[in-house]
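There are 2 protein chains.
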Amino acid sequence: MKRTKLRELFAQYESLADQEITICAWVKTNRAQAKFGFLTVSDGTCLTPLQVVYDEALSNFEDISKIRVGASVMVNGKVVLTPEMKQPFEVHATSVTMLGDSPENYPIQPKRHTREFLRSVAHLRPRTNLFQAVFRVRSVAAMAIHSYFQSRGYLYVHTPLITSADCEGSDQMFKITALDVVNPPLNKDGSIDFSDDLFGHKAYITGSGQLQGETFAMAFSDIYTFGPTFRTENSNNKTHANEFWMIEPEMAFCDLNGLMDIEEEMLKYVIKYVLDNASDEIAFCDQFVEKGLKARLENLVNSKFTRIKHHDVVDLLLNAGVKWEFQPSYEDDIQHEHEVWLTSHFNGPVFVTDWPKDIKAWYMKVNPDNATCAAVDLLVPGSGELMGGSQREENMEALEARMKEMNINKDKIDWYLDTRRYGGCVHSGFGMGFERLVMYLTGVDNIRDVIPFPRTPGQCEY
Amino acid sequence: MKRTKLRELFAQYESLADQEITICAWVKTNRAQAKFGFLTVSDGTCLTPLQVVYDEALSNFEDISKIRVGASVMVNGKVVLTPEMKQPFEVHATSVTMLGDSPENYPIQPKRHTREFLRSVAHLRPRTNLFQAVFRVRSVAAMAIHSYFQSRGYLYVHTPLITSADCEGSDQMFKITALDVVNPPLNKDGSIDFSDDLFGHKAYITGSGQLQGETFAMAFSDIYTFGPTFRTENSNNKTHANEFWMIEPEMAFCDLNGLMDIEEEMLKYVIKYVLDNASDEIAFCDQFVEKGLKARLENLVNSKFTRIKHHDVVDLLLNAGVKWEFQPSYEDDIQHEHEVWLTSHFNGPVFVTDWPKDIKAWYMKVNPDNATCAAVDLLVPGSGELMGGSQREENMEALEARMKEMNINKDKIDWYLDTRRYGGCVHSGFGMGFERLVMYLTGVDNIRDVIPFPRTPGQCEY
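Protein chains in written order, with this note's numbering: chain Z, 1174 to 1635; chain Y, 1174 to 1635.
A hint or two may mislead.
Note that identical chains are pooled: a pair holds if it fits in a single copy or bridges any two copies.
As the list claims (entries may be wrong) - The list that follows gives simulated cross-link-like pairs (lysine to aspartate or glutamate, EDC-like), each with its CA atoms no further than 16 Å apart:
hint, residue 1, residue 2
1, Lys1361, Glu1578
2, Lys1411, Asp1449
3, Lys1375, Asp1353
4, Lys1464, Asp1453
5, Lys1583, Glu1634
6, Lys1583, Asp1459
7, Lys1375, Glu1634
8, Lys1441, Asp1591
9, Lys1175, Asp1428
10, Lys1585, Glu1634
11, Lys1175, Asp1434
12, Lys1441, Glu1471
13, Lys1477, Asp1236
14, Lys1208, Glu1229
15, Lys1467, Asp1488
16, Lys1496, Glu1510
17, Lys1411, Glu1181
18, Lys1467, Glu1235
19, Lys1482, Asp1505
The hints are simulated quantities; they were obtained by calculation from the structure and are not laboratory data.
This is chain Z alone, in the form it adopts within the complex (with noise of 0.2 Å):
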């Protein structure tokens, strides 16, 4: 017999009214009385668990009272509405057999654990309420991503991930070696000889696909990527791990504005589809983790971004009539309080543009000003920064003096500047952190929480 799932079921319980189907699902409770009981079961296509009814017609009642959470059953029964009921059907079982047992120290039980405890069992916290709606937000999430750059025409790119451009500051990256790192070769110095490594020379991973993603949007003009990114940032905090996924969009042919725009409608995008099609999840979250989560990410879609230069928001900041623990500087980045502060007055996301130069990167567009440059970040009310880009700097001269300035080797990126060489264009990129949008959606507050296996400073485990 063909088996149903229970997301198919969810979705056609009227049709499939007074029919017989078959279920396979894990046991999340059994709560067994002396001539039937109920099983919930939960095969994880959707949030929500079926009721199934047994009773002491079945040949092995007796070991069906038995099952223990965590089990899981192939269940045959009968689909009956219960419109008087909470739940609109339940399944009235014809058989019940056990798959695969569970012992009784199963460490899922029907309680409430804490979220430290999951994980320490990251292995098992996907079977948990909590867990199926913050993973499937992040999967939906990710298609939202994909859907809306491939329905406007985008290539997405897989930039490398291992490299020898080092310009980030190899500080920042994993070394990766496939020599032998108990013996390996060595230099007459004692250090080691990496010219007998695979790719004869030293390698990375990357903190970044974007100056590799730049040469592709010089051919394609728009492209994005979506891959994961490593750094080897040694801090123990709720919004940083060492290997995350990052979106990074570039357009040719698009300035600041064109940027802001396209941040602003892809956000509202993501969010609309997740909010249709991740429905269960988001409910889910707005009850259990973040009350008010709903109405919080419903109000971001209909909203209007405010765009606001760095100068003004710290004469903004500056007015308030706030005693900031960080006093706003015309110089400086701006801190997690001036961040609230400002998305509370403008009541909405906040793009802040032209940031001082001297805080931002070397490829960003200086300003006509030379004192601040067309970088933009994205600040949405509850969270803070969750997107930053740039304009480039497509002026070949302008591009290396900088680079010299801030001591940035340009040889190693002979092959970047050939963008600026060879039909250079006004151009502009973002990179967003995928974990910190699955924050945004699910109200979780902790990186490690919205990361199935995440890597974390002592942390390596599965």
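Go by the hints and put chain Y onto chain Z.
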């Protein structure tokens, strides 16, 4: 004035007839005559270039005449339908402005370049027709894969790339470290002390997300991964790279036959999606890469996939009346010459099942004969193996015995065994190398030409 992308223009040129539009693009050719000239330009949003006509009425006619290949331009002009000509319309310029110059020695001139040369300018080759087509197919195929799985309720899971589980054999994996490799901390015996490293021990970048994927299948029923994968293999041939992308679906409550159903349905879906959404690119590859490509792909969509056991395959090969270079054997893998013969013999794709257990992986389900296992390779005409998968050994005792037999270190992946301890069930999965698929879709025969920036032994530029 709003820029019109060529993709939009070609989709709706009829409704834009006689209207003024603005185009930003790169010059492919410039044929200047005494009183007028023709630019063909492309912005990379579609494969077909646009013909722009300019004449001496333009004040900068002389300058336009001199614009070189590769330069970026902005063109204002009128859309003029040309039903009598090969291309259905052209743009008559009212102004042409050069945005970014391109020098005389621009490497991508409008002539035939060898693929070897183009590999040496991997950052510029996406500007050629061939790589416009190949990388567009790659992007569309990636979307097809997400679209197939998401529309069927599969969970997209980002399994970790950094791992400490070296059960695949750590000599196949890149080691990674955040330590200073020039002066690393040492143990007393002179070896590197990895307890000081970021994760507190040795770490690798992974060659597969399968094991972590299985833990998610035990929670969501149907999951897939789609991400980069790494091998240290030191082999320089047309089909291997050290960094490539892989799709690894894993399904609970699914046996070997169910697995083959999914593989077949998915492949047909993806090919049809690419035929529908990258028709120009497939037509280009059909004309310039592999004659008959389009028919080959269409045939596959309509073909019946054969299912045959490895033992029966060897019977067939031995009785084929062919003088094989490699003698077919009941104990061995089958060779490329056998694969070619098989797909030709069956006139379509062939699932070879029930392989000798000794040449397959430890997690595959051993058959009751204790000689073969429930593994399956999919062979496709003209290419050989495209996917490999198996039913997994769900029986804990059998799995542990097999691990012992094959010297798999149980301690490091005890978490994985929990998938059998707690509600285990029949489950199956497969892996598909994404580059193999793109090669199959485009007819391109070297893996270096379907990866934006390929990493192969000795090659890690850009």
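Hint check:
1. Lys1361 to Glu1578: Neither, since 35 Å and 44 Å both go past 16 Å.
2. Lys1411 to Asp1449: Neither way: Lys1411 and Asp1449 sit 28 Å apart in one copy and 44 Å across, limit 16 Å.
3. Lys1375 to Asp1353: Both. Shortest intra-copy (14 Å) and inter-copy (12 Å) distances satisfy the 16 Å Cα cut-off.
4. Lys1464 to Asp1453: Close inside one copy (15 Å), not across copies (49 Å); limit 16 Å.
5. Lys1583 to Glu1634: between (39 Å within a copy, 14 Å between copies)
6. Lys1583 to Asp1459: neither (50 Å within a copy, 41 Å between copies)
7. Lys1375 to Glu1634: between (27 Å within a copy, 11 Å between copies)
8. Lys1441 to Asp1591: neither (35 Å within a copy, 40 Å between copies)
9. Lys1175 to Asp1428: between (55 Å within a copy, 13 Å between copies)
10. Lys1585 to Glu1634: between (35 Å within a copy, 9 Å between copies)
11. Lys1175 to Asp1434: Only across copies: Lys1175 and Asp1434 sit 13 Å apart there, 48 Å inside one copy, limit 16 Å.
12. Lys1441 to Glu1471: within (9 Å within a copy, 38 Å between copies)
13. Lys1477 to Asp1236: neither (60 Å within a copy, 44 Å between copies)
14. Lys1208 to Glu1229: within (5 Å within a copy, 96 Å between copies)
15. Lys1467 to Asp1488: neither (33 Å within a copy, 62 Å between copies)
16. Lys1496 to Glu1510: within (11 Å within a copy, 77 Å between copies)
17. Lys1411 to Glu1181: Intra 37 Å, inter 43 Å, cutoff 16 Å: neither.
18. Lys1467 to Glu1235: neither (44 Å within a copy, 60 Å between copies)
19. Lys1482 to Asp1505: within (13 Å within a copy, 68 Å between copies)
Consistency note: the structure conflicts with the earlier hints numbered 1, 2, 6, 8, 13, 15, 17, 18.
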